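Colleague: These are the residues of each chain, in order.
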Amino acid sequence: MCRLFTVDRLGGYAVVVALSFGLLLSLTACGGDDGGSTVDTVDELSPELAQLSGVELLTRLSMDLRGYRPTVAEIELIEADPGEIEVLIEQFLHSDSFGAQIRSAYSNIYLTRLDYYYISAEDYGLYDEALFAASVGEEPLRILSHIVENDLPYTEVVRGDWTMANEILAEAWELDYPEGESGWQQSTYTDSRPAGGVLSTNSFWWRYMSNTSNANRGRASAIAKTFLCVDYLSKPIEFDRTVNLLDASAVSDALKNNEGCVACHATLDPLASFLWGFYYYDYDSREDVSIYHPEREKLWEEYTDVPPGYFGEPGYTLEDLTRGIAGDSGFIECAVEQAFEIFMGRPSELSDTARMTEHREAFISNGLVLRDLYRSILSDPLYRSQPIDPVDSLTEPNPAQMKMISTDQMASQLEELTGFRFSYYGYDMMTTDSYGLRTLAGGVDGSYVTAPAQNPTSTMILVQERLAQAAANYAVSQALAGYPPAILENIGFFETPTTDRDLFVEQIQMLHLTIFGERVDADGPEVEANIELWEQLLEIDGEISTAWEGLLSVLFRDPDFMVY
Amino acid sequence: MGLFGAASPFGFALGDTDRRLGNNLNFIFVVAYGGWDPTRVFATEFDNPNVDMERDAEGVTLSNLSYVGHENRPNVDKFFESYGDRALILNGVLVPAIAHLNCIRLMLTGTTSNTASDWPALIAANSPNSFALPHLVLDGPSFPGNLGSYVSRTGSSGQLEGLLDGSILELSDQIVSPPSRRAEDLMDRYLERRVSAVAGNAVVQREIDFAQSFAASHTTASALKGLVGVSDFGGGGTFANQIRLAVDSISIGVSRCTTISYTGNDGWDSHSGNNATQSRNFDELFAGLQQLVHRLDTSVGISTPYLSEETVVVVLSEMGRTPQLNDSDGKDHWPYTSMMLLGPGITSNRVVGGFNSYYYGDLIDPSTAEPDPNGISLSASTVGATLLNLADIDHEEFMPGVASVPGILG
Numbered sequence: 001m002c003r004l005f006t007v008d009r010l011g012g013y014a015v016v017v018a019l020s021f022g023l024l025l026s027l028t029a030c031g032g033d034d035g036g037s038t039v040d041t042v043d044e045l046s047p048e049l050a051q052l053s054g055v056e057l058l059t060r061l062s063m064d065l066r067g068y069r070p071t072v073a074e075i076e077l078i079e080a081d082p083g084e085i086e087v088l089i090e091q092f093l094h095s096d097s098f099g100a101q102i103r104s105a106y107s108n109i110y111l112t113r114l115d116y117y118y119i120s121a122e123d124y125g126l127y128d129e130a131l132f133a134a135s136v137g138e139e140p141l142r143i144l145s146h147i148v149e150n151d152l153p154y155t156e157v158v159r160g161d162w163t164m165a166n167e168i169l170a171e172a173w174e175l176d177y178p179e180g181e182s183g184w185q186q187s188t189y190t191d192s193r194p195a196g197g198v199l200s201t202n203s204f205w206w207r208y209m210s211n212t213s214n215a216n217r218g219r220a221s222a223i224a225k226t227f228l229c230v231d232y233l234s235k236p237i238e239f240d241r242t243v244n245l246l247d248a249s250a251v252s253d254a255l256k257n258n259e260g261c262v263a264c265h266a267t268l269d270p271l272a273s274f275l276w277g278f279y280y281y282d283y284d285s286r287e288d289v290s291i292y293h294p295e296r297e298k299l300w301e302e303y304t305d306v307p308p309g310y311f312g313e314p315g316y317t318l319e320d321l322t323r324g325i326a327g328d329s330g331f332i333e334c335a336v337e338q339a340f341e342i343f344m345g346r347p348s349e350l351s352d353t354a355r356m357t358e359h360r361e362a363f364i365s366n367g368l369v370l371r372d373l374y375r376s377i378l379s380d381p382l383y384r385s386q387p388i389d390p391v392d393s394l395t396e397p398n399p400a401q402m403k404m405i406s407t408d409q410m411a412s413q414l415e416e417l418t419g420f421r422f423s424y425y426g427y428d429m430m431t432t433d434s435y436g437l438r439t440l441a442g443g444v445d446g447s448y449v450t451a452p453a454q455n456p457t458s459t460m461i462l463v464q465e466r467l468a469q470a471a472a473n474y475a476v477s478q479a480l481a482g483y484p485p486a487i488l489e490n491i492g493f494f495e496t497p498t499t500d501r502d503l504f505v506e507q508i509q510m511l512h513l514t515i516f517g518e519r520v521d522a523d524g525p526e527v528e529a530n531i532e533l534w535e536q537l538l539e540i541d542g543e544i545s546t547a548w549e550g551l552l553s554v555l556f557r558d559p560d561f562m563v564y
Numbered sequence: 565m566g567l568f569g570a571a572s573p574f575g576f577a578l579g580d581t582d583r584r585l586g587n588n589l590n591f592i593f594v595v596a597y598g599g600w601d602p603t604r605v606f607a608t609e610f611d612n613p614n615v616d617m618e619r620d621a622e623g624v625t626l627s628n629l630s631y632v633g634h635e636n637r638p639n640v641d642k643f644f645e646s647y648g649d650r651a652l653i654l655n656g657v658l659v660p661a662i663a664h665l666n667c668i669r670l671m672l673t674g675t676t677s678n679t680a681s682d683w684p685a686l687i688a689a690n691s692p693n694s695f696a697l698p699h700l701v702l703d704g705p706s707f708p709g710n711l712g713s714y715v716s717r718t719g720s721s722g723q724l725e726g727l728l729d730g731s732i733l734e735l736s737d738q739i740v741s742p743p744s745r746r747a748e749d750l751m752d753r754y755l756e757r758r759v760s761a762v763a764g765n766a767v768v769q770r771e772i773d774f775a776q777s778f779a780a781s782h783t784t785a786s787a788l789k790g791l792v793g794v795s796d797f798g799g800g801g802t803f804a805n806q807i808r809l810a811v812d813s814i815s816i817g818v819s820r821c822t823t824i825s826y827t828g829n830d831g832w833d834s835h836s837g838n839n840a841t842q843s844r845n846f847d848e849l850f851a852g853l854q855q856l857v858h859r860l861d862t863s864v865g866i867s868t869p870y871l872s873e874e875t876v877v878v879v880l881s882e883m884g885r886t887p888q889l890n891d892s893d894g895k896d897h898w899p900y901t902s903m904m905l906l907g908p909g910i911t912s913n914r915v916v917g918g919f920n921s922y923y924y925g926d927l928i929d930p931s932t933a934e935p936d937p938n939g940i941s942l943s944a945s946t947v948g949a950t951l952l953n954l955a956d957i958d959h960e961e962f963m964p965g966v967a968s969v970p971g972i973l974g
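Chains A and B, in that order, give the protein sequences.
So for the first sequence, my numbering puts the first residue at 1; every next one is plus one.
So for the second sequence, my numbering puts the first residue at 565; every next one is plus one.
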């Protein structure tokens, strides 16, 4: 049976949620059965959109799936046979960088990568605060990427009886981290907590703390937003001035009977009641926040008197909650919506409904394997089309947008080209804020900044500049020391435009191909401008290496290097 | 005129139409994130049986201004004694949510939309004058929406300074060095031409938006590097340092709006131990506000002799706290709160709004800002609309249908 879940969940603002696709997906998926309108196929809906060239598509795929641009060999392969793109997609989906890309993309949804938590490394007798915070924030994202990279069913994200941990978390928490191993490993909490995937991790609940008056409602809201794409907080509260909020019984009555309150609380509060086992009396107590508390599971009786329930279905334990989520069509639809938006680089729209329905079917028919969902979206004509000016999304689908690189991609594509990663005493400067550059570079800190910048800012330009200078300096230093990164393999550091112009031009052409995935003409304006700059840089101190370093850093700062 | 005067890359000549007060007002937003308790300073609810006021607190009246005094908060008294005649207290401000993130977004943008730009970004972006860092965020929340190129952060450890002079690279574990200044200037000029070409060739709207934003941000970043040695963007994120840089940035014509934040030692979110937390935080906040106003009083203005004559200070928290203590002697989230404005263009030495017996905000007549049972709620959006009006911006363009409160403008 098809559930029109948006109406069930949020009653009064079904329209708002309908616009975010859940309702439409349900309607279209049910349409055929009811003899109503049939689902249009993707092909029928395809507008006359110009497709990306083979290399343009290759670049988009490489950036989305690996976080860096294609190699020259990959470009040449696609130039020779565009059909090889399907082979490369598989390689990218299994590359070493794929997991990191997934974690990066979903970090903007989970919002767990905080710089600080209430509990510090010192509380556990550990000394590395930054590494501890980074490890905590990474736990839920590692669970997700483990599911993706091992083709586990997506339901594991809320049903798994395991977590992911590194040595730091293993030292702090009660985990059966495998002896003799290092790095991120599949582990299990040994405090007898119920299975619940991300919902049974310390990290997720450290990120979304609660207190007695909030009674886990904020956490329930986080679950709904993260795993069901239902945002309770998107609706400003209409305060009824006739309700006395100072009277506990009046409030309790309003939450159950007042029209303005019930719209959210009728479903939110029962969800919240599942979560008391992770309730902490003392945020600052290492002992309190490190373990699950089965003895607190029924505290809802004391604090809200609202029994646990999943959108009308009564339940008792966290496992009942996760079973409800995993069996909810909204859970699947949300996963599709999130993946679609990540790869399209834009919000999903009404006219995407048919496409998203097809992607959902591909997802379901392949056992809820996320990699199959991604394959389906990556082969969507909209993903493979040239960007256009936005069209009326009610009638026509919009293709994927040109994307600005994320903070993580800013770092990863430079690392891939030059080997340089900006770290300070081992701390990744691009993933932290206290001393690092994450939000200055347009990234998300999970608390004050919850969405990445969509267009350049002045501080982002400055970060890009300094990162580019450092990467260029490092690459040239390595080359001079006899360990040239691939980007400089063709440069001997003795040729000049005067001694061998043809060779020099070839070197610059190769740089453009490597950095931008773009072939430029030997007599084109790009080469001419680059040679002119190179010669001006050489004039400054007479060092060929410095001139190359300068040219390299300018190319790394180019607007084209910040988009794909 | 600012330090650079009209000749600086940040200076601007004031035409006749630009001499209107609103056009030349600067704004400093002071955010107490975590949710303050208005009854500890702003809300004199001593006669309200439903409100737990603090023991030993007392109502203090200075001219037209009344506030809550307590021996543990001497800096609150000092502040109002020195600057109360410039203050406008807004009580009973509705923020229709009770979750921190939603509330702060509502308080600064008037909506829960994650694409809306906040008041400082809108004011900064809609200035007739140009600024290198139109809205400088030293700490605290910022919602730039699509105005990201107008908003810059310094970083909580003064990272902006290291980015500007290149010293940030000295932190790198792998030894690297920036280019010489001469080479860097050369490269900046090259990129300027390149960026201009990209902007000129953009066809699709998304490309145009990106290119224009890149060009504007590149120009700003280049100009900012010229400020090395003139203004110190480093120094860490203490409240005192934030105040110093916020005022300096406006005084030398770099910024029109700045956001600073006072989060207190343990934050403002006093679900337990409300009295101690709020008391200490308010006292330290008001000590900082004294420094801020003093610095504005002694800093050279852009269009007036002193910055305090052309700078509005907006002091806010994203929510209020329940009127009654909970079982942990704490107070939980409450949708009505208070704000304080200081500076030119407002009706100062005044308390507007109030709380009823339920501790809900009183309704007011927007034209006079006086109580009116048939009036409107003083809310985050109505106050925001009024701030835009104060900056000579038609709020209807950004918040259609929202009422402003001209009655609080002077």
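Please keep in mind that the hints were generated in silico from the structure rather than gathered at the bench.
Treat the numbers as computed from the prediction; the structure is a model and nothing was measured.
All C-beta atoms in this analysis are idealised placements derived from N, C-alpha and C, irrespective of residue type, glycine included.
Honestly, I wouldn't trust all of these hints.
[Unchecked claim] Pulled from the structure, derived: some chain A residues nowhere near chain B, Cβ distances all over 12 angstroms: (1) Ser351; (2) Pro484; (3) Glu526; (4) Ala529; (5) Asp541.
[Claimed, not checked] The list that follows gives simulated cross-link-like pairs (lysine to aspartate or glutamate, DMTMM-like), each with its CA atoms no further than 25 angstroms apart: (6) Lys256(A) x Glu756(B); (7) Lys298(A) x Asp891(B); (8) Lys789(B) x Asp830(B); (9) Lys789(B) x Glu528(A).
Colleague: Confirm or reject each hint.
Modeller: The hints, checked one at a time:
Every CB of chain B is more than 12 angstroms from the CB of serine 351(A) (nearest about 17 angstroms), matching its label as outside the interface. The claim that proline 484(A) lies off the interface holds: its Cβ sits roughly 16 angstroms from the closest Cβ of chain B, which is beyond the 12 angstroms cut-off. With a least CB separation of 9 angstroms from chain B, glutamate 526(A) falls inside the 12 angstroms interface cut-off, contrary to its annotation. At roughly 7 angstroms, the least C-beta separation between alanine 529(A) and chain B is not larger than 12 angstroms, which violates its mark as non-interface.
The claim that aspartate 541(A) is not at the interface with chain B is violated, since a C-beta of that chain comes within 12 angstroms of its own (minimum 7 angstroms). The suggested pairing of lysine 256(A) with glutamate 756(B) is violated, with an alpha-carbon distance near 61 angstroms, which exceeds 25 angstroms. For the suggested pair lysine 298(A) and aspartate 891(B), the alpha carbons sit about 19 angstroms apart, so the restraint of at most 25 angstroms is met. A C-alpha spacing of about 36 angstroms is found between lysine 789(B) and aspartate 830(B), which places the hinted pair above 25 angstroms, so the restraint is violated.
Our distance criterion of 25 angstroms between C-alpha atoms is broken by lysine 789(B) and glutamate 528(A), whose separation comes to about 28 angstroms.
Violated hints, in rising order: 3, 4, 5, 6, 8, 9; the structure is consistent with all others.
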